[in-house]
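*Asks:* Spelled out, the chains give:
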Amino acid sequence: MISADGIAKLYSGGNGGVRGIDLDVKAGEFFTLLGPSGCGKTTTMRMIAGLVRPDAGDIALAGRPVSSAGAGLFVPPAKRGIGMVFQSYAIWPHLSVAQNVAYPLRVRKMRKAAIRAKVMTALEMVDLAEMADRPSPLLSGGQQQRVALARALVAEPSVLLLDEPLSNLDAALRQRMRGWLKDLQRELGVTTLYVTHDQQEALAMSDRIAVMRDGRVVQAGDPLEVYLRPRNRFAAEFTGTTNLVECGIAGGAAPAGVAEVDAGFGRPVRAWAGDAVRGDKALLSIRPEAIELVADGNVSDQDVFAGQVVHRTLLGNVTEYVVRIGTQQLRVSAGTSDAPDLDATVTLRLRAERCMLLPHDDPEAATSDPATEPALTGDAR
Amino acid sequence: MPTSTAPATDRSPEHRPAGAPGSAPRAPFLARLRGRNLPVTAVLLAILAVLVLVPLVLIVWQSLTNAPPGEGASFTFEKITQAYGTSSILPLIRNSAEFAVGSTVVAFVIGTGLAYLTERTNVPFRRLAYGLILFPLVVPGTVTTTAWMLLLDKNVGLLNYLLTLVGVHQPIFSAYSMWSMIWMQGADRFALPFLLMAAAFRTLDPGLEEASAMSGASFPRTFRTVTLPVLRPAIVACLLILFVENLETFEVPGIIGIPAHIPVFATYVYLLSNNVPFDVNLASAVSLSYIAIALIAVWVYYRSIRQAERFAVVGGKNFRPDRLELHGARKWVTAGVMHLVLLVTVVLPLAMLVYLSLLSYYHTPAHGGVPPLSLASYRWVLDTPEVSSAFVTNAEVGIVSGLAAMLLAAVIAWVVVRTKAPGRRLIDGLAFAPIAIPGTVLGLALAAVYLAVPIGVYGTIWILVIAYVSKYVSYAVRATHSSLTQVDGSLEEAATAAGAGGFRVFRTVTLPLIAPGALVAFLYVVTLTFKALSLPIMLTSANATMLPVLTYNTIQAGNYSDVAALGVVTTVGLAVLTGISALVSRRFGVARISGAL
Amino acid sequence: MRTRLFVPLAGAAAAVVLLAAGCSSGGPSNAAAAKTVNSEFAALQAMPPAQAEQKLVQEATKEGSVNWYTVTQGDDANLLAQAFEKAYPGIKVNLTRSNEPGIANTFNTETRAHHYNVDVLDDDVSYMDQFHTSGLVANIPTFGIDVPAADRGEWWVVPDIQPAIISWNTNLVPNSQAPTNYQDLLNPKWKGKLVIDVSPDSTVQTLIASWGLPKATQWLTQLMNTQDPTILQSHTQIDQLMAAGKYAVCVECFAYDVVNLKDNDHAPLNYAVVNPTPTPTSPTVIAAHAPHPYAALLLLDWLASKPGAQDMAKFGMVTQTAGVNLGSSALNQIRDSSTLFLDTPDKVGSIAAEAQNLVNTLVAAKVAGSGS
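Chains as they are written, first to last, in this note's numbering: chain A, 4 to 384; chain B, 50 to 646; chain C, 166 to 537.
Among the hints, a few may not be true.
[As the list claims (entries may be wrong)] Simulated pairs of lysine to any residue, SDA-like, Cα-Cα distance not exceeding 20 Å:
#1 K29/A <-> D173/A
#2 K380/B <-> R56/A
#3 K427/C <-> K380/B
#4 K427/C <-> L422/B
#5 K354/C <-> T386/C
Since the hints were made in silico from the structure, they are not lab data. Computed from a prediction, not measured in an experiment: that's the story for all the values here.
Construct the entire structure; sequences and hints are all you get.
*Replies:* Right, here's the structure in full:
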């Protein structure tokens, strides 16, 4: 539904630029661009919206080309049939709630009665029907955001763009809106492109995500896939907390697949290596919750290691503790009822498929050839 | 000419509901403060009442009596019937309205156009444009008007002469008409709407227009249905403040209007004062409608500012102001047009001024070739004791008024913004009101008050100081107010928590933090004393001749070259002063001068 | 809440109280003060001149300053003040310059409010008469004054005169076609080409004295209504704009200014000394309540003395003191012309009021008129 081929935008300041991105968002999909500020995610979205003119590349919506830098084609945003929610909501203060939502329909010269019906439907969809004739400046942040959404959807667009819509809301509201937004999208089935810097949002809501940094896509794919199998340090760290340990690969250059590495644990650890790993040095990435606490584990098992608890932090339902294994310290999280005491000796299982080897020198190696990827990822472009 | 010319509204964190984080430690501070503030509020109210209400009360009183106070006045309506009974009041109202409205439109169109180009497009040479746009702020209006008068004169104007060189022998321009008055005033005053509208554009969330585009609207439709309505409160406020200023201005109506037989309110009051004996009661009666018009305008302005603030809050944070990208030929043509406008409105009169200052007497090369240059006028400026004494007097009055206004403004702004003292709304309103009192009327009133009241202020610089402080404290409050709202209340609370008392907090935390805004306020008032004519024209005396009045007298005497030299010297001085102010503000990190203004 | 209303009401009440106080406040009565200055001067007059002079200088230096309210245009007043200060170091001259109604007004208003600031005052003769009748001016001792008898009276002195001529711009009007007398100005060829000051009282007074009121009225009426002259606020402004070529013929221009522009700046101007030659003067008087009476008398004496006249001549002003050579031979010639008609208070007296009335009706009314 949304396809972008090699789009790029350069800014003289250097920030926020986009340096060649390919996207292919399928119909009905919820696709998220995830990255820190300045990574180019909003610029990418604005290029698709038509608010920014790309310096290079082509964009097509629903199969129809809307922008081609090479061919000099540029369809203005008003003609792209897109609904967009802005980070600031952009609710027009001089219009009432209903007038805000009705605006796209009035532009399309629909009849008054038909407009009113559609507006009320849209407002009911976002639970704001009773506010229809209120002046918009009187609304709270969350309410404005829903009005913005109703306005974006009222004309039944083929594509919905959401630019960090939840970032101005407080934590509790954000969590509620997350679920609500996802349910709405699934019910409507509208193709959605979402931009955020919050990895929880990205992981919770998306069908697919693309992690971005400095104008490039660092890794793209199914959220779970990216979370479990990050392909480089940046992707690993940006999608969640992780332990990173420098390790040496026994036997030099490792082929894709399971390898044995020396991470300073006392004996080799089995870990999964992607083909981006080069040389005999790598980073071992293990997520805290992926380290299993095994009661009276058998240390002769290749995956089981003994360690000592040196630190404990109670976080509520989860306790995070630091275990010394060999010369390293790993952060581990477990349910509070299972968590060991301070100074206790514990046995931990490090499953090979949860231990990822990441390239040592290149923190933002770009996505590689899909053919060499493990089966789970699907289409990564 | 403050951009955020809004009356202060209370956005202090004290207005957060109790129970919000941090509300507990705030209460004791406030309680202590409240106890200490009553005397401060009372003193402020008393000062403002004397400065603002007394002259107004006097004008009303004088219009209902038949002699000045102290000379056996008795109540009568005859002065009011004399003022409004004849039909001669109608042309006065018509002229004043035409002039004020016309020049407002001209200034607004030029200023807004320039603001749009510099804020929302990528037109090149923006820095140069800024400099040119803001330069007229340091050039006295008397002097620019003289330059325009000699540029546009039908018989001996330089422009008509230049036209003859290219074969056009019918004089096209003329100096003594309503159109030329409107042009001169409008071309001199577009810096204010520029600053106000630039600020409005800057705080306009581009998302509002983008959302309209995304909703399918074309650019003209977006402009009509989104941009204009959202900007409307700011536009209305800008138009009104311009209108009030143009209604009370004296330079153009005095220099051009009087010889052209186009009296407006401002000059009418002055002309009345030239009759012997001066019928002060008639002048007061006429002033009543003058003040009424201004007050209505200011009231509507006040309301628009409130609405503008509401709209601004809705916008939200975190938006990137996007610029309209002009490409290729369009970009250069736009830049060319922009600078052409600036050339005609700013550079032309300045160039004429410099040229004029180097002539021994003004004449075009029409007969006898290009006149030789001479420095006689500059020698006049530098050698004449009357001139240097006017400079000194002006500087004295300016500095004292500026300091007084700044201090008063700082206290007012602090009381209004930071405390919950009762009466602070009234204080704010009183400090704001003098914008509506025309300078000539205020001068008239103060002269009468201090002739009657034996304080010994009449005929000295102190009556001028009182006049300037009364009139310009409102501008000073705006500048300090912006500065103060940018300083978070928690900074002062931290000082209180550390044990400092109310006044110490004010002195050691608040004052230093608002110093840049206060400095801007100070320098702005000083600049105004060198430029404004409407106030001092009615208050001038032997020991206290201000520079604008000296300039006006020199114009009356026809010594245009001397006027030009005086203007050049004054402009250079004010430019240096303003440059220093800008440097200081930037060094101490205050938000741009335009924001504080 | 109460504070909100209380204080502004208090402010308004204070205003009313102050006004009331101003209403009822008296002050030293006019008569009493006048007696003081006049009696001091009478005492001086009674002394032998040399002694009187000495005492005058002594007391004046003690007073230390003098306030001079004048209508003298241009830098002349400044230069004169400087010259006086040089002659009498220790006495500072505080100048207030304004146009004629302005000065008279200030004097009037301030005196009525018992605000006595004026020492020496010079203004148009029409106002002087009013002031004298109201008892606002003092009598002046005779010693130390060098001007000819025609130039002084009991309470006034005329230190310098302003012969007025008809002038024209030579680029616009060839000398052969220029007007030579006042009746010439009524020639239709001058319609729309004339410029006149807003208060040509002097010319009108001279014409009333020479031709009688009816003929003078007829002349002025025709001049204003048929010839449609431009009316400007000041004589020097008229001179400057004539030099620039904006106007062709000036009805009443001051000789010294035109001569200066013509001879020193080489402006394209020429002039004619007509018969009679209106010679406005600004009679100089001393205020009856002068705060510095001795300094005032000293200044006035100096202005009317030979050294004063010589300084004035240096600045291009025209005096009639014997033995003083004016700035140029042209001015000497004009000064010595027999056609001069000085409008001093004794010559003009009642005519002044008539002239002013005529000017107000026919000229001034046009200025503050309605509409464009």
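*Asks:* If a hint holds in the structure, say so; if it does not, say that too.
*Replies:* Here is how each hint holds up against the structure:
Under the criterion of a C-alpha separation no larger than 20 Å, the hint pairing K29/A with D173/A is inconsistent with the structure, at around 31 Å. With a CA separation close to 17 Å, the supplied pair K380/B and R56/A stays within the 20 Å bound. Our distance criterion of 20 Å between C-alpha atoms is broken by K427/C and K380/B, whose separation comes to about 54 Å. Taken as a hint, the K427/C and L422/B pair is honoured in the structure, with Cα atoms around 18 Å apart against an allowance of 20 Å.
Proposed proximity of K354/C and T386/C is supported: the alpha carbons are some 17 Å apart, at most 20 Å.
Violated hints, listed in ascending order, are 1 and 3; each of the other numbered hints is respected by the structure.
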